[in-house]
Amino acid sequence: MVFADADVDASNLYLVLGPKILWEKTFEGGKRPLVDESKCAGCGMCEQNCRFSAIKVVSGKAQVNERACEGCGVCAFVCPNGAVTMRRVETGKLMFGETRLGPMVWARLLPGEENSGKLVAEVREIAKVEAIQQKADLIIVDGPPGIGCPVMSALAGAEFAVIVTEPSLQALHDMERAITVAKGFGVKTFLVINKVGINPGLEEKIGKRAKELGAEVLGKVPHDISVFEAIKAGKTVAEAASKEVKESIKSIWDRLKGHLEVSLR
Amino acid sequence: MEAAPAWAGEGEEASAEGWVEALAAEWAEGEAGEGTASEDAGGAGEEEGGEGARISKVVAVTGGKGGTGKTTVAVSLARLLPGKVVLVDADAECPNAFLFLKPRVWLEEETVYMSYPIGDPNRCTLCGRCANACPFGALALVPGKRILFFDYLCHGCMLCKLVCPKNAISEGKKPIGVVRVAEISENLTLVEARSAERATRVPAVISTAKEKAFSLNPDIVIVDTAPGASCPVVEALEGADFAVVVVEATPFGLSDFEMIKSLLDEMGVPFGVAINRAVGDVGDVVAHLKAEGVRILAQIPYLEDAFRNISRGVLPLESPEMRGALEKLAEEVARL
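Line by line, the protein sequences are chains A and B.
Residues in the first sequence are numbered consecutively from 0, following numbering that gives the first Met the number 0.
Residues in the second sequence are numbered consecutively from 0, following numbering that gives the first Met the number 0.
Okay, chain A solo, but in the shape it has when bound (with noise of 0.2 Å):
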């Protein structure tokens, strides 16, 4: 088993796994353009042609937002003077490390960096890398929240989605969007039921409701304090946690697997 952590704007997954660092290395997921005052004739040229409204002529002379540049190169392209390049900037740190259940690869996108997806894919690049070389059967992908562009380049091309979900409003309403977000990408999703024990009216109702979204559900998993406890701890809540909810992840476990091991023949 390989673990991957694709959250990458807060990855957690370290503190419970706990991995001994092998590599780390620095990723260069973007460009952002460098204007050469002594070339910019103050056109404006760049500032009609961006769609993200990151590059403006301010006092005569091209300006860059940073935070608000996606770093297409629009600008660069259409500047008659040639007076702004791309240059490659890093835009997180991409991690491998070694793990008491196995390696993981995580990553740490710089504050601010465009989450455009590309950290995200490069994990799971390096995740199945090792995979290959391992000879593993499975990847687990600590996803992000969300369905934004992360959580898409998390879940396409994958084979497998289980959704976390628990018996709020709330988290109904996003369940609702992920599944189908999912599902939209063509991956077999399943839906897990966490906290369960707040509002048993409407556990029934997610189970249902999952159903018909295409989501088989997978299991429950009770509103416990030892969950909390676990975390506390550094240790997975299979290890740590309580008699009622290791076997609740068991029985989830061995679900899941029976769904894996079908579609591995």
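Derived from the structure by calculation, the hints contain no laboratory data.
Source: prediction; values computed, not measured.
We put the CB at the ideal spot given by N, CA and C, even for glycine.
Don't take every hint at face value.
Chain B stretches covered by chain A per the calculated footprint, using a threshold of three residues with CB under 8 Å from any CB of chain A [to be verified]:
{"hint": "1", "stretch": "150–157"}
{"hint": "2", "stretch": "188–201"}
{"hint": "3", "stretch": "224–231"}
{"hint": "4", "stretch": "240–253"}
{"hint": "5", "stretch": "261–267"}
{"hint": "6", "stretch": "297–309"}
Lysine-lysine pairs mimicking BS3-like chemistry, simulated, CA-CA at most 25 Å apart [as the list claims (entries may be wrong)]:
{"hint": "7", "chain 1": "A", "residue 1": "Lys-19", "chain 2": "A", "residue 2": "Lys-231"}
{"hint": "8", "chain 1": "A", "residue 1": "Lys-187", "chain 2": "A", "residue 2": "Lys-207"}
{"hint": "9", "chain 1": "B", "residue 1": "Lys-160", "chain 2": "A", "residue 2": "Lys-30"}
{"hint": "10", "chain 1": "B", "residue 1": "Lys-160", "chain 2": "A", "residue 2": "Lys-204"}
{"hint": "11", "chain 1": "A", "residue 1": "Lys-55", "chain 2": "B", "residue 2": "Lys-172"}
{"hint": "12", "chain 1": "B", "residue 1": "Lys-289", "chain 2": "A", "residue 2": "Lys-231"}
Quick list of the computed label-pair ranges, beta carbon to beta carbon [claimed, not checked]:
{"hint": "13", "chain 1": "B", "residue 1": "Gly-143", "chain 2": "A", "residue 2": "Ser-262", "range": "29 to 39 Å"}
{"hint": "14", "chain 1": "A", "residue 1": "Gly-213", "chain 2": "B", "residue 2": "Glu-185", "range": "39 to 49 Å"}
{"hint": "15", "chain 1": "B", "residue 1": "Pro-142", "chain 2": "A", "residue 2": "Ser-241", "range": "50 to 60 Å"}
Starting from the known structure of chain A, arrange chain B on it as the hints suggest.
Coordinates of chain B only, in the frame set by chain A:
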């Protein structure tokens, strides 16, 4: 070029909230209580006859992942703060504020669009220059056959159109989300950013929502951001006078806080921390934060009943402990 994919229209969006909204309505107990709360807070400190531009104070509520309590805190603040308040739900991928505020009717709905390339197969010579140029890998050449377009990677920069030697690419516009406005009470308006499923350019939906909020000229704009520290969060934080960072009292919460602190420092946004979901003794979390010189605005306890209420779309203002902590936070924010 492949035909542009059929886009998930706004009609399909309705299903995501429809049944969940109905559930929220079912559980709208204590709504009378909440209504009173907003009336209490509203109107205080109002100045009449302000024809001149009123500069709104902008407070962002941000924080780590996984249900740390950003939206609960943001909506509570919106309910408790005096004056005319606009709450911007800038968690466009998963906007949840409406579940607490239960707008009866959306007054306005503005669709947000992005550009995308439409290929003309009659002009395209399959040279592949567009595919080579695309900075997001959204175009691929199948040699001799066709150009593939991956909608979920395209950011609408239109560099492909610029590099095409045959003028074979034209610019299409597709919806990537909606901005909706609802008047919750005389002094509280909700502006929701809701990105379309499978959409990129989420920041564009958020910036439109913020523009809308500012145009309403309130005393305070509260911006409920998405979790994390990447582009949608940056967009939501831009121009904030202050940020309330909701930190869950766990190792995950502290780890996420470090990332957000770096971002806020880089953006030059002053901030304070609201420690949330505090189970048991959080002395070590407080000590850790204080050692970093972080200003702690409030400590909100974790209470099972409050958690249940929140999960049913009811703000935890009924519980005296929760209300006390949230009111203290509101006081700190009002004082800024």
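Broken hints, by number: Structure breaks hint 10 only.
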